[in-house]
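Required output: the full structure, derived from the provided sequences and hints.
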Amino acid sequence: MNAVTEPWTMTNNATVETPPPQDRRHFGDVILDVANISLRFGGVNALTDISFSVREHEIRAIIGPNGAGKSSMLNCINGVYAPQDGKITFRGQTFSHMNSHQVAQMGVGRTFQNLALFKGMSVLDNIMSGRNLKIKSNLFWQALRIGPAEREEIAHREVVERIIDFLEIQAYRKTPVGQLPYGLQKRVDLGRALAMEPQVLLLDEPMAGMNVEEKQDMCRFVLDVNDEFGTTVVLIEHDMGVVMDISDRVVVLDYGKKIGDGTPEEVRNNPDVIRAYLGTSH
Amino acid sequence: MHTTFPGLLLRHAAERPNAPAMREKEYGIWQVHSWAQMASLVERVACGLAQSGLTAGQHMVVIGANRPRLYATMLAAQSLGAIPIPLYQDAVGAECVFPINNADVCFAMVEDQEQVDKLLEIRPQCPQLGTIVFDDPRGLRNYSEPGLMSMDALMERGEAHAKANPGFFAAAVEKVLPDDVAAMFFTSGTTGNPKGVVHSHRTLLDRAGAGAKFDKLTHDEEVLAYMPLAWIGQNIFSYAQWLSCGYVVNCPESAATVNIDLKEIGPTYYFAPPRVFEGLLTAVMIRMEDAGAIKRHMFRIGMDLAKRVGPALMDGEPVGALDRLLYKLGNFMVYGPLRNSLGFNRVRVAYTAGEAIGPDLFTFYRSIGINLKQLYGSTETAVFVCLQPDNQARADTVGIPIEGVEIKVAENGEILVKSAGLLKGYYKNPTATAEVLTADGWYHTSDAGFLDASGHLKIIDRVKDVGRIKGGANDGAMFAPKYVENKLKFFPHIKEVVAYGDGRDRVCVMVNIDFDAVGNWAERRNLPYAGYTDLAQKPEVYQLVQECIEKVNADLANDVLLAGSQVSRFLVLHKELDADDGELTRTNKVRRGFIAEKYQPLVDALYGGKTSQYIETAVKFEDGRSGSVSATLAIGDTKTFAPVKAAA
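Residue numbers (numbering that gives the first Met the number 0), protein chains in the order written: chain A, 0 to 281; chain B, 0 to 647.
Just so you know, these hints were derived from the structure itself, not from any lab.
Everything hinted at is true.
Negatives, chain A to chain B, calculated, CB over 10 Å:
1. N35
2. V79
3. Q92
4. S121
5. L138
6. F139
7. G208
8. P263
With a straight-line Cα cutoff of 30 Å, these simulated DSSO-like cross-link-like pairs (lysine-lysine) come out:
9. B:K597 - B:K469
10. A:K118 - B:K262
11. B:K619 - A:K214
12. B:K574 - A:K214
13. B:K24 - A:K173
14. B:K212 - B:K417
15. B:K262 - B:K294
16. B:K24 - A:K214
17. B:K24 - A:K118
18. B:K597 - B:K537
19. B:K597 - B:K463
20. A:K135 - B:K24
21. A:K173 - B:K294
22. B:K423 - B:K457
23. B:K574 - B:K619
Treat the numbers as computed from the prediction; the structure is a model and nothing was measured.
The C-beta atom is built at its ideal place from N, Cα and C for all residues, glycine as well.
Written out as structure tokens, the structure reads:
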């Protein structure tokens, strides 16, 4: 185990003393530790020396203005981008970069900002596709759908049905995803991520483009996922109200640098964060 | 002969242990609960409740959607001699305070977190509410309020209790007598506090049995339970008659899937208020308008034929051989598939009640071969008073008095009812009881109506609402607001209407447009709108509404009694009337007096001859937040017609 004694150590100027969250839930050890990550695209420094940690069962938000590097950060964790420097430690195993297939197998699920769903397929099939990694029988047996393949499909279908029930999308089970309103598509996207039974769930702007009611629903689902399944959640979000309400700790990025880290209350009062969001008068 | 609910349950469990009692769609599959499983479930819940301190005579509220486990809870409470009170699951917390305190409720069984939150919120006002049991534990893991318990934990307790005291449950059920109080229903109450209507096992089962006999119901019926249990209609159809006939009650997966579930189950016995039938028809019509030209054409020809011969065929009247043949073809091409897509393919008996149903709507369903009928009854009469026999269904009557019912019309036109299914009284309210239940055993329905020549009951309006026009051209004419409102509501574009005229010189109405229907209508005319408020104020919409009103006026002019009730001015409201804002009752009836007070400036403007009026209204959103809607409403004038004298 990579001993991380002080997960709130700051690498940047905004050092904030964070007391352990006096919260409703019990947090476990650090499950995901990001250390000194730097990511460059040619001359552009997308991320510079970012470090933070995620503890088991917590809801960790990454916020920041447009272009701050939030999605890039998620993509590094997810193995889509390979950072030039830094290490990512996931459940005791350290990697300098991860490959996305491997990440998924280790139990990291994610949703996408732009909904990478199969528009022509039904809700059921879309969520079923999230079970892909867990399906053992090969294409041949699945095509024939007999014996073990059939039993396996039934077992997977049951998991998927529980997710459908959980997300309250029973009425759209057979509806092609492309016909659903955006808010519901987001829910299906979350459902597909849940189908792989992730230990860590990365949510890329789960509330973007939603109306108030849809946001409230989504918040409840995120909290319930966290509560019911003990899933650790890392989310990127623009809506400050949402972030402050549901997350346990918040990382703030600005121009690829970390400018704040702590509980929502601390982040809210952090002068650098205020400056980044509201600008300053000189 | 068992005449208590738990007694009937045990009888079914003994006679047909493996026959399905209930189905619930969960995880995409219809999960079956047999009678034996149901009985065992009820036993565990009952023992758990007894262990937690529920005793005979105590009240217990049950709040939630139609779930087998909540049905089992009602049975469990009744097994112990306790009295279940189903409450509306969409009622806000404040509305639950009165029933809970009125009946000294200490126990509550609720469906989920939403309901738990609601009860916890009002607990300070209801300190005696000690035990809250919930069915679905989702989201409730970290709640540590005292007295909060999951249903699983309760049943575990019950199982231990049953093991320690074998025979406890059977003995408890044995002790329940037919004349014991079985359940209490709070009436929505258009004025003042709701009243708890007390029914015994005998009153509910008497009516349930009479209704079943009238329609020859057997244990093979399939019923879909999707209306709130707190409504006596649903309670009779999916609880009292369920136990008395032993048929299968199906619980939909969620409120959003009702139409899908309806299609999958294909109920044989169906019950819904008119607005559900209306919603289904609107959905069909909208989809037909979007269909291809060939299908549209086929539908139109088919429906024209159905309108002409369908009802006659249903009523068993003679129909020409060619029409009969054409109807068969139509049945194959149009009506059959349509019934199937509505989920009414197997319906043997369907009822509508609660509100008047539009003649077009009623005829539509009958013409495509659905045996839709009307019934008359109320919470106080355990529903079944008058029912329409299979071949005598008409849009403007509510049927004949069925077995065990006596009806007479009082001098003021009020309908009086006597049957074995009348309420025991209003709970803790002898004054109100005395008002409706006189010593000679007649129940005063407060509905005005009469029995027509063929013995069918016809309802005009509430007795207290029937008024007189005062002054003006129609001085002294009879005014029946509901009658006028219903006539207008039968137009698909109009959702709600509130009519005023009693004690005034003319009749004015406030109209709510149907957002779906008018929205669709507007889109077809390339009429842009920004939302409900905007759409409602479009001059084109005013024109549309005005045409509807003028049609009604022309129709009213033919009515000897009600020619004076013609509408002379109207406005279209800027917001939908909503039960959350207190404008409708929970059963969606307009609260005329309340609306008149709330929209006083609008009423004044209608009668004051103004052509427009500004109004701002506070609204409560479903999530509990409040906001306000404001608009300047135009007021329109309509043509009235000289009364047509009946040709003598």
